[in-house]
Amino acid sequence: MRRLVAFFATALLSTSLWAMHCPADMAKIDELLKTNPPSDATVLAQVQQLRSEGEALHKAGNHSQSVKVLGEALQLLDASE
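Throughout the sequence shown, residue numbering follows mature numbering (1 follows the signal peptide of the UniProt record, and there is no 0), covering -19 to -1, 1 to 62 in sequence.
I should point out that these hints are in silico values taken from the structure, not numbers from a laboratory.
Mixed in with the good hints there might be a few duds.
Restraint ranges, calculated between C-beta atoms of paired labels, are given here [unchecked claim]:
1. S20 - S45: 29 to 39 Å
2. S33 - E62: 28 to 38 Å
3. G42 - S20: 28 to 38 Å
The list that follows gives simulated cross-link-like pairs (lysine-lysine, DSSO-like), each with its CA atoms no further than 30 Å apart [stated by the list, open to error]:
4. K40 - K15
5. K40 - K9
6. K49 - K9
7. K15 - K49
Note that the Cβ used here is the ideal one computed from N, Cα and C, for glycine as well.
Sequences and hints are given; from them, build the entire structure.
As structure tokens, then:
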């Protein structure tokens, strides 16, 4: 029984942590787009699409997928520097 309670507590805590990670990633993407946007229009469009998709996933409660998608956008921004 204790293991089951510990499992659910961990699952709830990890979901909360993922949920807090999404807005931080979105803010970082927004700041990078303002201060140092990619010069390649294709990369810029990809980053904007991924950022939008990540926000939609976050709002839908799919935080782990949102973090993954937002991470892809951040990688594109890092590679474009």
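Evaluation of the provided hints:
{"no.": "1", "hint": "S20 - S45: 29 to 39 Å", "verdict": "32 Å, holds"}
{"no.": "2", "hint": "S33 - E62: 28 to 38 Å", "verdict": "22 Å, violated"}
{"no.": "3", "hint": "G42 - S20: 28 to 38 Å", "verdict": "35 Å, holds"}
{"no.": "4", "hint": "K40 - K15", "verdict": "23 Å, holds"}
{"no.": "5", "hint": "K40 - K9", "verdict": "18 Å, holds"}
{"no.": "6", "hint": "K49 - K9", "verdict": "14 Å, holds"}
{"no.": "7", "hint": "K15 - K49", "verdict": "22 Å, holds"}
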